[in-house]
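Residue 343 in the UniProt record's numbering is what sits at position 343 of the sequence shown, and the numbering runs on without skipping anything.
Misleading hints may appear alongside valid ones.
No more than 30 Å apart at the CA atoms, straight line, and that leaves these computed lysine-lysine pairs for DSSO-like [unchecked claim]:
(1) K58 to K236
(2) K263 to K220
(3) K58 to K226
(4) K272 to K220
(5) K236 to K226
(6) K272 to K226
(7) K272 to K177
(8) K220 to K236
(9) K58 to K177
(10) K177 to K263
(11) K177 to K220
Worth flagging that the hints you see were computed from the coordinates, not collected in a lab. As the structure is a prediction and not an experimental result, all values here were calculated from the model.
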Amino acid sequence: MNPYVLATLLSSLGLGTTLTFASSHWLLAWMGLEINTLAIVPLMAQHHHPRAVEATTKYFLTQATAAAVILFASTTNAWITGEWNMTNMSDPTATTMILAALALKIGLAPMHFWMPEVLQGLDLLTGLILSTWQKLAPLTLIIQTAQAFDPLLLTTLGLMSTLIGGWGGLNQTQLRKVLAYSSIAHMGWMIIVLQYAPQLTLLALLMYVLMTSAAFLTLKLLSTTKLNTLATIWSKSPILTTTAALILLSLGGLPPLTGFMPKWFILQELAKQGLPLTATVMALAALISLYFYLRLCYTMTLTISPNTTTSITPWRTQTTQASLPLALFTVMALGLLPITPAMIMLIS
Numbered sequence: 001m002n003p004y005v006l007a008t009l010l011s012s013l014g015l016g017t018t019l020t021f022a023s024s025h026w027l028l029a030w031m032g033l034e035i036n037t038l039a040i041v042p043l044m045a046q047h048h049h050p051r052a053v054e055a056t057t058k059y060f061l062t063q064a065t066a067a068a069v070i071l072f073a074s075t076t077n078a079w080i081t082g083e084w085n086m087t088n089m090s091d092p093t094a095t096t097m098i099l100a101a102l103a104l105k106i107g108l109a110p111m112h113f114w115m116p117e118v119l120q121g122l123d124l125l126t127g128l129i130l131s132t133w134q135k136l137a138p139l140t141l142i143i144q145t146a147q148a149f150d151p152l153l154l155t156t157l158g159l160m161s162t163l164i165g166g167w168g169g170l171n172q173t174q175l176r177k178v179l180a181y182s183s184i185a186h187m188g189w190m191i192i193v194l195q196y197a198p199q200l201t202l203l204a205l206l207m208y209v210l211m212t213s214a215a216f217l218t219l220k221l222l223s224t225t226k227l228n229t230l231a232t233i234w235s236k237s238p239i240l241t242t243t244a245a246l247i248l249l250s251l252g253g254l255p256p257l258t259g260f261m262p263k264w265f266i267l268q269e270l271a272k273q274g275l276p277l278t279a280t281v282m283a284l285a286a287l288i289s290l291y292f293y294l295r296l297c298y299t300m301t302l303t304i305s306p307n308t309t310t311s312i313t314p315w316r317t318q319t320t321q322a323s324l325p326l327a328l329f330t331v332m333a334l335g336l337l338p339i340t341p342a343m344i345m346l347i348s
């Protein structure tokens with residue numbers, strides 16, 4: 001892609017998200033979301049592969065539907081209340097419609113069906129943008145208007161997302177689909193605690209972005225998108241194989257790694273709010289997710305692939321890719337648990 005075109009599209013992505021961040025007016029927020037969608041569509045379709053074009057079409061249709069519902073619901077709310085301000089959401093129908101549309105935008109269950117299919121059709125870097133940057137603007141809107149939403153609805157969305165995110169990833173052999181279901185499950189964790197401690201939602205989002213970025217960049221460096229090629233990478237770069245396994249375990253939320261921190265805080269907050277049953281279901285859903293991460297780790301580190309793969313022999317070749325961002329994200333995805341006391345100070 002032409003570097004000038006790429007620079008324009010990436011700056012438009014930034015502009016769209018910033019617009020949504022800065023707005024307290026529904027029309028401006030909607031405009032930011034639209035700029036965001038239109039900027040990523042050419043990036044998604046840049047390879048002109050049938051799968052990429054199909055994924056782009058699916059993504060565009062779902063995002064356009066969500067944007068139309070947001071515009072309709074905010075217009076209805078403005079019609080009833082007399083103002084476009086986000087803080088004044090008094091109409092329950094409009095509020096529920098906006099939550100449903102924003103849930104569709106970030107891929108919360110049961111509006112998650114587009115997410116694995118779209119991510120599967122993209123290359124890893126565009127998939128990374130879709131899984132991290134594209135979640136920021138809709139999540140900001142959900143956080144800003146959280147007090148207007150029905151608490152039971154938020155809890156249902158959160159529980160469904162963590163359960164479906166864990167359940168859906170169990171039988172996958174495509175790594176991008178696994179990461180898509182992982183994303184759905186993490187979104188569930190963020191939504192479940194939103195009404196009690198929004199700062200924990202932001203902490204979970206930050207940790208999710210760090211871990212997902214590390215996972216995508218590792219897969220990009222290893223040039224692997226399937227489970228069977230994952231079994232051959234130990235010969236190519238043993239150290240990267242080790243860090244990749246640890247990143248996956250961090251995504252699963254195992255204790256000595258960064259991913260444990262937000263899960264620990266969220267379960268603690270749910271228990272504090274007198275919701276032990278919800279906390280138990282969330283912990284069990286995290287176990288389901290952990291199973292498929294462990295399956296990937298087992299394939300990667302403890303098996304030797306018996307078959308020759310159809311890809312180029314992944315031997316010890318010199319890579320031309322920049323590995324500094326990967327190194328930074330990997331360190332943060334693995335080693336931030338010791339700063340937990342500082343985080344407690346910040347969020348309390």
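Hints versus structure:
Between the alpha carbons of K58 and K236 the distance comes to roughly 35 Å, so the proposed pair goes past 30 Å and is violated. As the CA atoms of K263 and K220 are separated by approximately 27 Å, the hinted pair is consistent with the 30 Å bound. Straight-line distance between C-alpha atoms of K58 and K226 comes to about 22 Å, which keeps the hinted pair within the 30 Å bound. Taking the CA atoms of K272 and K220, the gap is near 41 Å; set against the 30 Å cutoff, the hint is violated.
Pair hint K236 plus K226 holds up; C-alpha atoms about 16 Å apart against a cutoff of 30 Å. At roughly 41 Å between alpha-carbon atoms, K272 and K226 are farther apart than 30 Å, so this suggested pair is violated. Annotation: proposed proximity of K272 to K177 is violated, straight-line Cα distance about 34 Å (limit 30 Å). Restraint check for K220 and K236: the C-alpha separation of about 14 Å stays at or below 30 Å, so the hint holds.
Restraint check for K58 and K177: the C-alpha separation of about 15 Å stays at or below 30 Å, so the hint holds. Between K177 and K263, the direct Cα distance comes to roughly 22 Å. Compliance with the 30 Å bound is thereby established for this hinted pair. Our distance criterion of 30 Å between C-alpha atoms is met by K177 and K220, whose separation comes to about 15 Å.
Hints 1, 4, 6 and 7 from the earlier list are contradicted by this structure; the remaining hints agree with it.
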